[in-house]
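Number of protein chains: 2
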Amino acid sequence: MQADAMVLLDGVNVDVPPSWIRPGAAIICCEPTLETDEHTFGMSSKSGLGYLTAAYRTHNVVRSCSRWLREQQYRPWRLHSLKLQPLTPVPSDIEISRAQTPKPVTQLAEEIGLLPEELEAYGRNKAKVRLSLLDRLHSQPDGKYVLVAGITPTPLGEGKSTVTIGLVQAMSAHLKHNSFACLRQPSQGPTFGVKGGAAGGGYAQVIPMEEFNLHLTGDIHAITAANNLVAAAIDARMLHEATQSDKALFNRLVPSVNGVRSFSPIQISRLRRLGIFKTDPAALSMQEISTFVRLDLDPSKITWQRVVDTNDRFLRKITVGQASTEKGQIRETGFDIAVASEIMAILALADSLEDMKNRLARMVVGTSRSGQPVTAEDLGVSGALAVLMKDAIKPTLMQTLEGSPVFVHAGPFANIAHGNSSVLADKLALKLVGRDGFVVTEAGFGADIGMEKFFNIKCRASGLRPNVVVLVATVRALKMHGGGPNVSAGAPLPREYIDENLSLVAGGCRSNLKKQIQIAHLFGVPVVVALNVFKTDTQAEIDLVCQIAKECGASDAVPCHHWAQGGRGSVELAKAVDEAANRPSNFQFLYNTEMPIVEKIRTIARKVYGADDVELSPEAKSKIDYYNQQGYGSLPICMAKTHLSLSHMPEKKGAPTGFVLPIRDVRASVGAGFIYPLVGTMSTMPGLPTRPCFYDIDLDPVTEEITGLF
Amino acid sequence: MQADAMVLLDGVNVDVPPSWIRPGAAIICCEPTLETDEHTFGMSSKSGLGYLTAAYRTHNVVRSCSRWLREQQYRPWRLHSLKLQPLTPVPSDIEISRAQTPKPVTQLAEEIGLLPEELEAYGRNKAKVRLSLLDRLHSQPDGKYVLVAGITPTPLGEGKSTVTIGLVQAMSAHLKHNSFACLRQPSQGPTFGVKGGAAGGGYAQVIPMEEFNLHLTGDIHAITAANNLVAAAIDARMLHEATQSDKALFNRLVPSVNGVRSFSPIQISRLRRLGIFKTDPAALSMQEISTFVRLDLDPSKITWQRVVDTNDRFLRKITVGQASTEKGQIRETGFDIAVASEIMAILALADSLEDMKNRLARMVVGTSRSGQPVTAEDLGVSGALAVLMKDAIKPTLMQTLEGSPVFVHAGPFANIAHGNSSVLADKLALKLVGRDGFVVTEAGFGADIGMEKFFNIKCRASGLRPNVVVLVATVRALKMHGGGPNVSAGAPLPREYIDENLSLVAGGCRSNLKKQIQIAHLFGVPVVVALNVFKTDTQAEIDLVCQIAKECGASDAVPCHHWAQGGRGSVELAKAVDEAANRPSNFQFLYNTEMPIVEKIRTIARKVYGADDVELSPEAKSKIDYYNQQGYGSLPICMAKTHLSLSHMPEKKGAPTGFVLPIRDVRASVGAGFIYPLVGTMSTMPGLPTRPCFYDIDLDPVTEEITGLF
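Residue numbers (full-length UniProt numbering), protein chains in the order written: chain C, 1 to 710; chain U, 1 to 710.
Calculated directly from the structure, the hints in this document are not laboratory data. Be aware that a few hints might be false.
For chains that are exact copies, the list does not tell them apart, and a pair is met inside one copy or across any two.
Claimed, not checked - Here are the simulated lysine-lysine pairs, DSBU-like style, with alpha carbons at most 35 Å apart:
{"hint": "1", "residue 1": "Lys247", "residue 2": "Lys195"}
{"hint": "2", "residue 1": "Lys390", "residue 2": "Lys103"}
{"hint": "3", "residue 1": "Lys278", "residue 2": "Lys575"}
{"hint": "4", "residue 1": "Lys535", "residue 2": "Lys247"}
{"hint": "5", "residue 1": "Lys176", "residue 2": "Lys195"}
{"hint": "6", "residue 1": "Lys621", "residue 2": "Lys247"}
{"hint": "7", "residue 1": "Lys550", "residue 2": "Lys195"}
{"hint": "8", "residue 1": "Lys103", "residue 2": "Lys652"}
{"hint": "9", "residue 1": "Lys535", "residue 2": "Lys278"}
{"hint": "10", "residue 1": "Lys317", "residue 2": "Lys103"}
{"hint": "11", "residue 1": "Lys327", "residue 2": "Lys317"}
{"hint": "12", "residue 1": "Lys621", "residue 2": "Lys607"}
{"hint": "13", "residue 1": "Lys301", "residue 2": "Lys327"}
{"hint": "14", "residue 1": "Lys103", "residue 2": "Lys301"}
{"hint": "15", "residue 1": "Lys652", "residue 2": "Lys327"}
{"hint": "16", "residue 1": "Lys575", "residue 2": "Lys621"}
{"hint": "17", "residue 1": "Lys550", "residue 2": "Lys652"}
{"hint": "18", "residue 1": "Lys621", "residue 2": "Lys550"}
{"hint": "19", "residue 1": "Lys301", "residue 2": "Lys195"}
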């Protein structure tokens, strides 16, 4: 049995294995300890207490003490690392994943200090972790909080997920720091579309990668179900209101059950919002009944869309209600991909079940004909949404190829939403790693988008403060920013990206990389640049990036080889992060939320994007006025901007200046809790190409092995 | 440690606890046994074999013998029953469910003889069971196979699920027979719509009922994802074909990777179906390329619909493709509720992973402009579908209120599909209960629909043969068939249904009940009538039903009180079923599949429904010709008929005669493997009422308790 916690009792060190200090566990072979303890606590069998009673009491004291100590002290995990023997050339992602046998998730959970009752296993390799952990470890100090962000990427992506996973593999398996990766759950759409999975890649992966990339523990499915229940409720309600009198609606909404009519709690809430403080249905005036039963949604002002977790471009714009049973109530609407649902953004920002439930109730689905916002609670559906989402709120525990723990939780869009994994996963992980441990979390897109939202939206919601930013760069993206030719998915890479070209690299470093470092410094957080090395990169190019990055203010800059080597290839990065985490971080928000909406937008545009100013369309201006009037003026801002440039113009690489950022429209996710200005048009539903990924995906029905996932 | 299997070795009975006879388990405290065994097998430490070696060999022999014995013999489970103390009046379903603490599913699994490696826990209360169990218990004889069907129901339903659960509670907890319930997974649509959940009710429930009624283990979500991936693939493919030349399509579908073009396995399959036996892409003629790359789907003949697991009536008929990015390729289509997907029917009928994969590949999604069927495999998507469905194929283990095992698996619609739970769950359960055990499975709607399809479709697919039919009746439904006034959901029940009325009861028994018993006898299976007693039923009514049922040929007829009393209230039913199961059953199909399609339809209409004949629309006739020509002529028939009458006219109660059954149209589910004639219009997407169930559903964020589910 492995000793787990050192308990100091009257000068005697007692090794306490984890199974002793769990509630309800039996005491095994502990007589010597008990004798010591009896002496320590002034009890003996002569005192009149029976030996067993004394033993039991003592055991309880030991248990309490050791638990308290566990909670207060940094406790290095006895993490069993999985050995890696990287092959050259690097095999496919699914081959690498399949070649490694993960530890049972119950074992991993025990290694990192979870109690069995805090775990809900989903098969052998995944488990949901209960939020009660936060109460148990309430007084435990948090670990160091590391954000992985990136420079402005090419359309091919620059590998933030692999850097995140590689860094944690290095920290855990090689430097023996407690460390945790927090990742977003990927949408199934891209998995079967163009992009493939998102479990990392090469020797920096979450395993089993197919479980990560497919249904996982059903969170996105729960979001889809909840989102679409709201949509069905909206259209059905409009139909019923259009075809029934106030009285008929009231009789159905507040039915007489055994001769008694009463409002449900959700209806009482609506009445209060309407300023009606009666609780007896019979006491309502005809006018009050009418106000209560009619949401009076304006069909042209419904903002709620349906979702599917499939790249289904034909659902971008549709007409619904064309069957004769819907009596001509047709209207245009559309589907988004599931991860673009506001419910996904809520899942990522909620910090408790109660907070999630309240946010779900506040979601605004459209506007009434008289201009009032209509919420999910007005539809009577918010309790059911919380029920549908009650398991989704628990983060899913998995592991890396080297056996380090990973939370997978939430994955909101990074344009119309904030593009970060969940607050709750980060909080749980920070408690589990303890004071000197590390939690590495990832923000979507470039630092101007994902990191800015991480700081201004996610950290504001969570109250957590980051210690270090890891800024991921590639020679490929730097060359693009330095003036290299266009890079596009599907087309072969131009020669500039394959041959050494120091001047393009330098150009990219002195423009985009420098600007992204400066953005992190705006928030007062130290930056380590991680150069994700590709096999075509030359040593001179690598050295140049590291040199300029440091000149531009990075605490350090190191090349990483996690893709080909696993954690071993990221040890230098891990050391640099460890060092930077010990530097002072003077975190500050970029803006105060009490500033006027337009000023918050202008602050981001100028300071982060480098714009001279912003220009608002009349539509945007009137929306801002409306939101101010509705009391949403102090929400933070979530810019919906292209990720392919610091500006709003995807073709402008490097660090553009001298532009005015156009704000086409402004929308609000009231439940998630942000205003999102639209800079250009955002697609919220990808499409399938002529030959989607699914052509190569197959299952061997005998071995049950999957092929073709990447 | 509980003794588990009795192993007879050289006249010495050895109790073998389950942990001894599991591969890799340690031998504990078994020296005495080993000494006996050594003697038995003529080994001793003097023979030159070391004691440990001898012990090890002997242990292996004991293990093999005991496993063989376990597989051959009826082994009564040591099932730990959960005690019930029914309250009066009966509390709400969720209150009853919550008041009972289920056994850990791992304990239940061990009690019924599952090995740990055959189980994939999903939290504490649910687990998927691996299909490898079928191989391990290959030579184990099956238990008795009991089907629960019903008379023609009122729109309120007559309680087949509660009878099924109550019967298994009685069998397991009170009569100590090994027994298993196999249930369908309910759609979430009705749970939040009108009907509520489907976990049984009162003191005959599957617990925890909220886990049963919500996401369960994600099977319906997997079906939704798979179904909608097919739909997205159809529309995207039509767009790409409409906008690209043959050459461009070919270059994209068979891309050059590092200078090499090759077909994927799924493309080779398509080429073979087209009669092209080349494997080198360069060898195809221009004509062959064109044939290969163009599915040439006729937009007006696409039969594949999208699905959601929500009652969303506005999606019944929609227009898709209206965004400018889809270049004017708009078309009308619709969504069905997820359980109406052909993939659900396939899940329920597949008897292995390979069978499921083949069925998914064969699904026909529409017809080409030249009249050829286009399959999921033609779209290149069938491997991905199998991957999405690989976990859904494993049945989910849960338990009843009294701790008896339940499989929940699949839940196809009972009109356009066959309305029965899965073949695989039944097969696994029959092996687990062993020769003298009981598996109780349930068919949707009345016996004329669900039972007929159970016999002619499900038993044909599975090869299993039923021993007994339990026919569920209620005094309420019998009165309706005897001439009582209309019964409708939402309206108060007329007095005839509350006061004693023996003549209405007798009328119903001598018409509908008699006919449904005769239908079961057509298939050669004995019938036990289960009268699901309501509190308004009088003793005289109850006695009359039981008397007439026996006069009409039922082996027995018994009143059941499971709703108010749990298993204790169904003990008489359990005894009657036990007795009937020992009578000879001469099971036979109603028709030979080689008969012409129209003859198969006519046989069902005449013999089962009591029609004089059938009348086919010209549309139906031409479809039958087309299906014959495509080689689908020998598929069994799945009638899509109202469940509210034996005829096609919902208002005709009792046992109508003298009618001609009109066949409006005929369709095919080629993957699931049946032809479905449409008798009238079938809604495949329910709607939400003015006040859906969700108004009362809520979650306490502190206790995490759900309220309002029923």
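Going through the hints against the structure:
no., hint, in the structure
1, Lys247 with Lys195, "between (53 Å within a copy, 24 Å between copies)"
2, Lys390 with Lys103, "both (27 Å within a copy, 22 Å between copies)"
3, Lys278 with Lys575, "neither (64 Å within a copy, 56 Å between copies)"
4, Lys535 with Lys247, "between (73 Å within a copy, 34 Å between copies)"
5, Lys176 with Lys195, "within (33 Å within a copy, 55 Å between copies)"
6, Lys621 with Lys247, "neither (40 Å within a copy, 49 Å between copies)"
7, Lys550 with Lys195, "within (33 Å within a copy, 65 Å between copies)"
8, Lys103 with Lys652, "neither (46 Å within a copy, 62 Å between copies)"
9, Lys535 with Lys278, "neither (72 Å within a copy, 37 Å between copies)"
10, Lys317 with Lys103, "neither (46 Å within a copy, 49 Å between copies)"
11, Lys327 with Lys317, "both (21 Å within a copy, 12 Å between copies)"
12, Lys621 with Lys607, "within (21 Å within a copy, 72 Å between copies)"
13, Lys301 with Lys327, "both (20 Å within a copy, 26 Å between copies)"
14, Lys103 with Lys301, "neither (51 Å within a copy, 50 Å between copies)"
15, Lys652 with Lys327, "between (50 Å within a copy, 28 Å between copies)"
16, Lys575 with Lys621, "neither (48 Å within a copy, 76 Å between copies)"
17, Lys550 with Lys652, "within (25 Å within a copy, 85 Å between copies)"
18, Lys621 with Lys550, "neither (42 Å within a copy, 79 Å between copies)"
19, Lys301 with Lys195, "both (34 Å within a copy, 31 Å between copies)"
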